[in-house]
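Those protein sequences? They're chains Y and P, same order as listed.
Sequential numbering of the first sequence, starting at 1, is according to my numbering.
Sequential numbering of the second sequence, starting at 1, is according to my numbering.
No wet-lab data here; the hints were simulated from the structure.
Idealized CB from N, CA, C, for every residue including glycine.
Among the hints, a few may not be true.
[To be verified] Once the Cα atoms are required to be at most 25 Å apart in a straight line, the calculated SDA-like pairs of lysine to any residue come out as:
no.	chain 1	residue 1	chain 2	residue 2
1	Y	Lys191	Y	Asp174
2	P	Lys388	P	Pro407
3	P	Lys35	Y	Asp142
4	P	Lys168	P	Pro213
5	Y	Lys388	Y	Ala264
6	Y	Lys388	Y	Pro183
7	Y	Lys35	Y	Ala149
8	Y	Lys35	P	Val373
9	Y	Lys35	P	Pro213
[What the hints assert, rightly or not] Not everything, but these chain P residues come out facing chain Y in the computed CB check (under 8 Å):
no.	residue
10	Pro62
11	Leu69
12	Glu87
13	Gly143
Number of protein chains: 2
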Amino acid sequence: MTLIVQKFGGSSLATRERIRAVADRIHDSLSAGDKLAVVVSAMGDTTDDLTEAAGRISARPPEREMDVLLSTGELVSAALMSMTLNELGRDAVALSGPQAGIRTDGRFGRARITEIIPARLLQEIEAGRVPVVAGFQGLGLDGDLVTLARGTSDTSAVAVAVALAADKCEIYTDVEGIFTADPRIVSCAQKLDLIVYEEMLEMAKLGARVMHPRAVEIAEHFSLPVMVRSSFSDNAGTEIVDESAIQIETMQRVRAIAHDMDVARVTVRGVSDRPGLANAVFEPLATRHINIDVIVQNVSDGGKTDISFTVSENDLDTTLDLVRPVAAEIGAHDVVSSAQLGKVSIVGVGIQSTPGIAARMFGSLASAGINIVSITTSEIRITCLVDKNDVAQAAVVLHTEFGLDEPTK
Amino acid sequence: MTLIVQKFGGSSLATRERIRAVADRIHDSLSAGDKLAVVVSAMGDTTDDLTEAAGRISARPPEREMDVLLSTGELVSAALMSMTLNELGRDAVALSGPQAGIRTDGRFGRARITEIIPARLLQEIEAGRVPVVAGFQGLGLDGDLVTLARGTSDTSAVAVAVALAADKCEIYTDVEGIFTADPRIVSCAQKLDLIVYEEMLEMAKLGARVMHPRAVEIAEHFSLPVMVRSSFSDNAGTEIVDESAIQIETMQRVRAIAHDMDVARVTVRGVSDRPGLANAVFEPLATRHINIDVIVQNVSDGGKTDISFTVSENDLDTTLDLVRPVAAEIGAHDVVSSAQLGKVSIVGVGIQSTPGIAARMFGSLASAGINIVSITTSEIRITCLVDKNDVAQAAVVLHTEFGLDEPTK
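The following block holds chain Y by itself, in its conformation from the complex (with noise of 0.2 Å):
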C-alpha cells in the first residue's frame, strides 16, 4: 500500500467539470489500492478575484485580514471537491489548513509553516476517508488563518507529505511537467523525465511557475519523491529526485533555459564607499522579506559607488519607498529604477565542473546581438540580466546551443 498526497492547482479546478474530472481521478488511485491525502488551491481565477474585491475597498488591505478573504477559496474549492468524491461514493472530508495541523509562524500573507500536526490527518486515513485540505494556509496565533506566499498550495501540499511520511507527493498541474525551455518562448522545449531537485528549485526561483521554490527546498531537505503532472492526460510527468539518481553523462551538461521577465532594477547611485554601506541599504528590504537578486556594485568616478540590485516587479514600489530615505541618509546622488530587465539562465548540476560553458554562453549571446547588462552565477547556474526585449530570442538561442533542441534522457 502506498500512501500518496495529491496536490491540485487552480487551473486543474477551475469548473465543475474539472473538479469532476480531478475526482474521478483521485477516485482511480484509491480503486488501485492507494490511501490517499489530497492538497487543493482555490478554482480558476478565485484568488486575483478576491485581491481585486480587496483592492476596491482599499490600496493597502490590512494584510491580517486579506488572508481571512483569501483562505476563503481553497475553503470552498475544497469543499466542493469532497462533495464531488462523495457523490463517486468515497468518503472524504474537507479541512482548513489549521484543521489538518498546519502550524506556521504566524506571519500574515507570508506564513512559513513551522510543523505540521498530522493527527488528524492520520485519523482520517485510518478511517478510510479522503482528507481535502485547503492548501496555501494554515494556522497564525491567536488562532487566526494565515496564508503561505501566493501560490504556494505546492508547500502545504509537500509539507503535507512530509508530515504523513508518504511514499510520494504528485503535484498536478496545467502543464506536462518540467521541459528545458518555457514552450511559449521555445517552441522545440522538451520534457524532462527526471530533474535534480537543485535544478528544479533555481528553475521555480527563475520564473518556471510549475512549482514553489519553498516546495522545492522542502522536498529536497526531507528527500521526498515528487513528481509534476498534468491533470489534462495520463503522460507521467517530471520527477524530482536526488542527484545520485541522474547518470553522470547527463549531469555534465546544460540541462535547461529559465527565463524571467518578473525584474526590476534599482540602483542607488554615487554614494562614498564605507563598510556597512550595502547593510543599510539592503537590512530594511530584508526585514520586509523583500528578495534581492543581482547585486552589482562599482565604483564610478570620484571614489563614488554605484550599488544596483534587482527585486521582482511587484515589489518595486515597496523597495523605492524603503531605499530612497536610507539613501538620503547615507548621502547618495540618487535612486533610479528600471523595468525593462529580464533574466535568461542556463541550468544543470554539472555546470561548474564542466569548463567552457560560461564562454559559450556568452559569445552565443554576444554572437545574437544580444547586450549583457550583468551576470550573476550558482553552483548549478549562469544568470545574465539582458533588455527585456531579448529575453525569448536569447533563451532560443541558448536552447539551441546547449543542445537541447532535440528529445533526451
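For chain Y, the structure is supplied; the task is to place chain P on it using the hints.
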C-alpha cells in the same frame, strides 16, 4: 459608554457601496462614543449561489461539507467589512464564529449555540478594535466549523450581545421594522414602534422573516433589548421589549396579522386509533428536527382515524420519506400531501384575555367567503389554515377588521 452589537443582513451588504454605507454607520456610532461588536451575514445572494453550486454536484451533499462551503460567505463579508472600516481609519478585525468564541452542539447545518466564550471579543473591544464576526457559524466537534440554521446570523448577534452583556442589539435589515402585516400584501400596514418578545416570536415563526425565532427566544430569555431597523435609513425601527413596557390598553388588542405561504400538509389516512399512534408518526420527524404544526386528528367512518399535520414545504419530501414506512407499519390506508395551503394569523399578547376576538376572526373570514381548513391557537395567537390563494385576501380582511389600517402606538 454604551456597548452595542450591530448585525447587518445580506441585503445590507450586497455591494461594495452598501458595505461602505454600513461602515459609515459603524463609524458614526463609534464617533458617538459607543463601543461596538459587529455581526455580518453573507453578501447578497452568496449563500444561495454556494448552495446552487453544491446542488449541481450532488442532490444531497453531506451536511458537514455544506457547512465548510457555506461558512465562507460570512467570512468574505466580515473580511471586506473589516477592510472598509480600516480604510475609514477604524481598527477592525474579522473573526470567524469559532474565533469569536461561539461554541455549538456541533450539529451540521442546524447547530445550536451552547456557549459563547467572550474573551477574544472583549480583548479586541478593550484594545479599541471593532470585532467583525462572521454570523451563521460556530465551532462544532473535532474543530469542525458548523453553520447554524439558515438565516440565523440574527442568532449569532443576539448570543454575542448576551455574552458581552451588551446594552442592546441592533438588527439592521432591508425593512423599516416590524409591521402590522406584510406591506407587500397589506398596503396600509403600519410600522410598530414597540413589540413584545412573545409577539415577535409568533411573527417570526409565522413567516415574518425579519428576525429568526431562535434569536428572539434568546433575547427574551436574557431580557436583551433588541432594535430592528433599516440599514438604508436613519428611522428608529421597532424595539422589541418586555410586556411591562407596553401600555395595558394597547395590549388588549390584535397587534398584527401574520401569514405564511410556506406550508405543506401531510395526512396519514385510515389508521386504527390506539395509544402511541401520534408518537409513532411524529418521533422520526423530531429526530430529524423537522418542525410540525397544526396537528389535527379526527375519527372517520368505521372507527378509523386520520392524522393531519403541517410542515414547511422544504421539509415535505423528507417528511414523506420518513412517514410512509411508519404508515405502512401501523396499517394506515395511505399518506397524502398538499402544498396548496397557507396560514393567516392574528397576533397580540392580550388576545387570550379579550373576549370575542376569535369569533370576529372567523366571522370576517366567512363574510369574505374564505373557507377555514383548520385552526390552532396559542396564548397570543389564533391561526387559520386556508387555501394558499386566499391567504393575501384573508390578511387584508383581518387587518381592517381589527383596526390596524390606521397609525397606532
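Hint check results:
1. Y:Lys191 / Y:Asp174: holds (14 Å)
2. P:Lys388 / P:Pro407: violated (28 Å)
3. P:Lys35 / Y:Asp142: holds (22 Å)
4. P:Lys168 / P:Pro213: holds (18 Å)
5. Y:Lys388 / Y:Ala264: holds (10 Å)
6. Y:Lys388 / Y:Pro183: holds (18 Å)
7. Y:Lys35 / Y:Ala149: Violated, at roughly 28 Å.
8. Y:Lys35 / P:Val373: Given pair lysine 35 of chain Y, valine 373 of chain P is violated - Cα atoms ~59 Å apart, limit 25 Å.
9. Y:Lys35 / P:Pro213: violated (46 Å)
10. Pro62: Holds, about 5 Å.
11. Leu69: holds (4 Å)
12. Glu87: Because about 4 Å separates glutamate 87 of chain P from the closest Cβ in chain Y, which is inside the 8 Å limit, the hint holds.
13. Gly143: Holds, about 5 Å.
Consistency with the previously given hints fails for numbers 2, 7, 8 and 9, ordered from lowest to highest.
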